[in-house]
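Enquirer: Each chain, written out:
Number of protein chains: 2
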Amino acid sequence: MADAPHTWMRKAIDLAIENVRSGHGGPFGALVVKDGELIATGVNSVTSRNDPTAHAEVMAIRNACRRLATFQLSGCEIYTSCEPCPMCLSAIYWARPDGFYFACGREVAAAHGFEDAFIDKELGRHPDERTIFCRQLVAEDGLRPFEEWKRSQRKIPY
Amino acid sequence: MADAPHTWMRKAIDLAIENVRSGHGGPFGALVVKDGELIATGVNSVTSRNDPTAHAEVMAIRNACRRLATFQLSGCEIYTSCEPCPMCLSAIYWARPDGFYFACGREVAAAHGFEDAFIDKELGRHPDERTIFCRQLVAEDGLRPFEEWKRSQRKIPY
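Top line first, the protein sequences correspond to chains A and B.
Mapping to numbering that gives the first Met the number 0: the first sequence position 112 is 111, numbers consecutive.
Mapping to numbering that gives the first Met the number 0: the second sequence position 139 is 138, numbers consecutive.
Note that these hints are calculated values from the structure, not bench results.
Heads up, none of these hints are tricks.
Any copy will do: because identical chains look the same in the list, a pair fits if it lies in one copy or spans two.
Taking lysine-lysine pairs in the DSSO-like style, the calculated list, with each CA pair at most 27 Å apart, reads: (1) Lys10 - Lys154; (2) Lys33 - Lys10; (3) Lys120 - Lys149.
With the sequences and hints as input, model every part of the structure.
Expert: Here you go:
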């Protein structure tokens with residue numbers, strides 16, 4: 000059983016290769032495993048689904064959560080063929096698996112034209128120093144949904 | 000027309016309030032506007048859809064891209080009732096709208112039990128210093144999908 004993580008990872012890499020060959024999307028594959036069982040896979044589907052959030056890890060998380068009928072992946076591990084971009088890494092935190100494995104590093108994605116490193120740098124900057132236009136508006140009104148949340152008897156915390 | 004951004008923002012806030020009242024999800028709403036026209040809305044749907052990535056901004060981006068049949072939101076603006084979490088901010092970069100507006104700041108979300116600030120801090124750390132388990136495996140094999148990508152005649156860069 001010592002080799003199991005390598006075996007899962009090679010499967011994630013094979014998914015990524017097949018994803019490029021089929022023209023379905025970018026060179027990324029991921030999967031979610033629980034108790035040694037494959038729960039779900041995901042491949043980059045940005046261009047075929049017209050969904051810029053459809054990265055491999057996000058797709059694997061969505062598919063695994065649907066299969067397990069939960070919004071939390073506790074007890075699960077994620078295998079991804081490339082180190083997660085900031086969106087996917089954040090999605091992993093929100094999904095709360097036990098951990099994740101990756102094959103090649105983020106710098107490889109960057110070297111092939113993917114913007115992971117750029118976004119990472121932008122996130123670390125003060126909002127005023129980012130390249131994207133961003134303005135705060137009616138901040139006081141923005142508190143109202145949270146007041147509603149505090150009062151709500153129907154809320155499901157996540 | 001000078002008030003238009005405030006009007007869109009109040010609509011995003013109303014969506015967030017209604018989302019809590021209906022028990023559908025967390026206190027977050029967003030919308031995508033292009034040339035003064037509403038393209039799509041999105042509300043936090045994490046618990047109702049069993050999708051930890053179904054934040055308001057991600058849903059609005061997905062819905063807008065589906066409506067416009069594109070994976071890029073150039074020419075669009077995003078309005079969100081709360082400053083985007085790192086996942087949503089990264090999703091915004093990937094979607095490439097012209098910019099975005101937000102009402103209340105991220106610290107308000109944090110004060111109400113949402114993990115935005117925690118994830119932000121984790122992203123800024125070296126992988127070895129993060130709280131989530133993470134290991135690199137078979138890094139060399141991880142290059143193969145990118146080699147396939149380089150060779151591919153079918154690829155659609157994004």
